[in-house]
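Q: Take a look at the letters that make up each chain.
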Amino acid sequence: MSILTEIGEALERGKRKQVVALVKQALEEGMEPQKVLTEGLLPGMDAVGIKFRNNEIFVPEVLVAARAMSAGTEILKPLLAETGGTSLGKAVIGTVKGDLHDIGKNLVKMMLEGKGIDVVDLGVDVSGDAFVQAAIENEAQIICCSALLTTTMNSIGDVVKAAQDAGIRDKVKIMIGGAPVTQEFCDSIGADYYTVDAASAAICAAEILTA
Amino acid sequence: MYTPRENLMHFFRNEPVEWKPISTDMLNFLPEVVPEYVARGTVAQQKPFTGQYGGPDWFGVNWYYDPVARGSMETMHLLDDISEWEEKVVFPDLDAIDWENCARENAEYLNTDKLICTTVYSGIFERLISMIGFEDAAVALIDEEQQEDVHAFFERLTDFYIEYIKRMHKYFNVEFVTVHDDWGTQDSLIFSEESHKEMIEPYVRKLIKAVHDEGMVYDLHSCGKIDKLIPTIIDMGADTWRGQETAVNKYELVKKYGNHFKFTVVVRADEPVDDDNARKKMQELLNTYKDDRVLIAIGGGAFTPSQRNMFEKMVRKT
Numbered sequence: 001m002s003i004l005t006e007i008g009e010a011l012e013r014g015k016r017k018q019v020v021a022l023v024k025q026a027l028e029e030g031m032e033p034q035k036v037l038t039e040g041l042l043p044g045m046d047a048v049g050i051k052f053r054n055n056e057i058f059v060p061e062v063l064v065a066a067r068a069m070s071a072g073t074e075i076l077k078p079l080l081a082e083t084g085g086t087s088l089g090k091a092v093i094g095t096v097k098g099d100l101h102d103i104g105k106n107l108v109k110m111m112l113e114g115k116g117i118d119v120v121d122l123g124v125d126v127s128g129d130a131f132v133q134a135a136i137e138n139e140a141q142i143i144c145c146s147a148l149l150t151t152t153m154n155s156i157g158d159v160v161k162a163a164q165d166a167g168i169r170d171k172v173k174i175m176i177g178g179a180p181v182t183q184e185f186c187d188s189i190g191a192d193y194y195t196v197d198a199a200s201a202a203i204c205a206a207e208i209l210t211a
Numbered sequence: 001m002y003t004p005r006e007n008l009m010h011f012f013r014n015e016p017v018e019w020k021p022i023s024t025d026m027l028n029f030l031p032e033v034v035p036e037y038v039a040r041g042t043v044a045q046q047k048p049f050t051g052q053y054g055g056p057d058w059f060g061v062n063w064y065y066d067p068v069a070r071g072s073m074e075t076m077h078l079l080d081d082i083s084e085w086e087e088k089v090v091f092p093d094l095d096a097i098d099w100e101n102c103a104r105e106n107a108e109y110l111n112t113d114k115l116i117c118t119t120v121y122s123g124i125f126e127r128l129i130s131m132i133g134f135e136d137a138a139v140a141l142i143d144e145e146q147q148e149d150v151h152a153f154f155e156r157l158t159d160f161y162i163e164y165i166k167r168m169h170k171y172f173n174v175e176f177v178t179v180h181d182d183w184g185t186q187d188s189l190i191f192s193e194e195s196h197k198e199m200i201e202p203y204v205r206k207l208i209k210a211v212h213d214e215g216m217v218y219d220l221h222s223c224g225k226i227d228k229l230i231p232t233i234i235d236m237g238a239d240t241w242r243g244q245e246t247a248v249n250k251y252e253l254v255k256k257y258g259n260h261f262k263f264t265v266v267v268r269a270d271e272p273v274d275d276d277n278a279r280k281k282m283q284e285l286l287n288t289y290k291d292d293r294v295l296i297a298i299g300g301g302a303f304t305p306s307q308r309n310m311f312e313k314m315v316r317k318t
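If you read the protein sequences in the order shown, they are chains R and G. According to the numbering used here, the residues represented by the first sequence are 1 to 211, in order. According to the numbering used here, the residues represented by the second sequence are 1 to 318, in order.
So that you can see chain R by itself, here it is in the shape it has in the complex:
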């Protein structure tokens, strides 16, 4: 088994210490940091996403894997910066105004990071203007917003409107999700993408950034 495969499998099992050791070993053996990331860590996290989507594993297992991923990427980050390796792109993420639920949002964040996307987490109860401001300041290509409540899902429309008013609508894609959100709702407010779960959101975001 190659060391890259070992890294991916250790990540899938959430073995943080093992991932760190293997990443270090791969680098010591002269492997390019970008290769360790794209052929070791990211495929491992992809596998986690697929298993999560298929209900073969659950939130705790995803979190453990994401932490292993994060430990691995921490080692690579300075080297990637030196060698000019870059992330796939940048997204800002948050739960919309009036909504305090952050579990789903946090999962999406982890899945996006697992795809090699830089994520700026705005937290919960985020206004449309705050989403847009953060997108401008961070030069994000994607805004991800979620709502868990039927009473707050309409605030997602405020994000779309704020992006239009700020003149950045052609610069960002707006992805939405959450329990009451549907494709029909997405269409009705003029958002770009609705995804049904965290793993699908990450796939969608990666497709946007590589299109």
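This list has only true hints and no planted wrong ones.
Pulled a few chain R residues facing chain G out of the computed Cβ check, cut under 7 Å:
id: 1; residue: N55
id: 2; residue: F58
id: 3; residue: V59
id: 4; residue: P60
id: 5; residue: L63
id: 6; residue: V64
id: 7; residue: G98
id: 8; residue: L100
id: 9; residue: I103
id: 10; residue: T150
id: 11; residue: T151
id: 12; residue: A179
id: 13; residue: P180
id: 14; residue: D197
Across the chosen pairs, the derived CB separations fall in these ranges:
id: 15; chain 1: R; residue 1: E56; chain 2: G; residue 2: E198; range: 17 to 27 Å
id: 16; chain 1: R; residue 1: T210; chain 2: G; residue 2: D187; range: 18 to 28 Å
id: 17; chain 1: G; residue 1: D235; chain 2: R; residue 2: N55; range: 20 to 30 Å
id: 18; chain 1: G; residue 1: N259; chain 2: R; residue 2: E184; range: 28 to 38 Å
id: 19; chain 1: G; residue 1: A96; chain 2: R; residue 2: S188; range: 49 to 59 Å
id: 20; chain 1: G; residue 1: D187; chain 2: R; residue 2: A81; range: 32 to 42 Å
id: 21; chain 1: G; residue 1: R308; chain 2: R; residue 2: K15; range: 50 to 60 Å
id: 22; chain 1: G; residue 1: K209; chain 2: R; residue 2: T210; range: 50 to 60 Å
In silico DSSO-like links for lysine-lysine, alpha-carbon gap of 30 Å or less:
id: 23; chain 1: G; residue 1: K281; chain 2: G; residue 2: K313
id: 24; chain 1: G; residue 1: K256; chain 2: G; residue 2: K313
id: 25; chain 1: R; residue 1: K51; chain 2: G; residue 2: K228
id: 26; chain 1: G; residue 1: K197; chain 2: R; residue 2: K51
id: 27; chain 1: R; residue 1: K15; chain 2: G; residue 2: K228
Calculated directly from the structure, the hints in this document are not laboratory data. Backbone N, C-alpha and C fix where the C-beta goes; we use that ideal spot for every residue, glycine too.
Let chain R serve as the given structure and place chain G on it in line with the hints.
A: Just chain G now, kept in the frame of chain R:
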């Protein structure tokens, strides 16, 4: 003619009822002497609450109350990890609360023919979340290095809840306890069934038994897609379950398990509706569950008091 309380208790004892039970047959009692209810913004008592919602709960975890969301969220966690619980978590002193005085102050409110109810807003998993945050709590459930501490914390917490519930029964004749503990995400369980069985179930069973030993009713409030756990919830002895209607097919669950379990079904309005539409919503629900033993809850917070009265009259005809 039964009183609302009698009708509900007959319902939970599998005895004939005179009408389909409805949540307006219940009286919530969430007194401000329990800091929990102030922190969570849900005080229900005789004297109108005039203070500020949010602030520290009775474990010292601080909550921010958002009037728009009509809910609270913790703003800090007490512990870096659950291994610190014995050292840092101070369990509330139930003897420090003047329960008898509280009963006197609420005598008129509690002099009711309705079923008196209270709520534990943080079940064991949610309490763990409030202590260390969601992500760490989820990880702690499957981390072998943390599981022993999680078990010990859950055991102590369950004993505390049992004592609290006993007092609510003794001093205020509370007979219905709702325990909130969300176990599902939008489309799945938060944790595996195995994790639930190993880490959560023993303590829920213990709490349910204690509630039943007091002659009370146990209502589980657990949101998310948790239909896989319904057989477990029934087996643990819960008397009813309510959860997020959009995450499960409640109708199918009622048809599948309704012969030996009592589901709570919800007539809901998140935005104001006129009386005709309110009546229509309730009639649709009554038609859907015409032959089922279900408890009807009024959800969403947008129905007016007169519409709630109308619902009461409608169910009395069932």
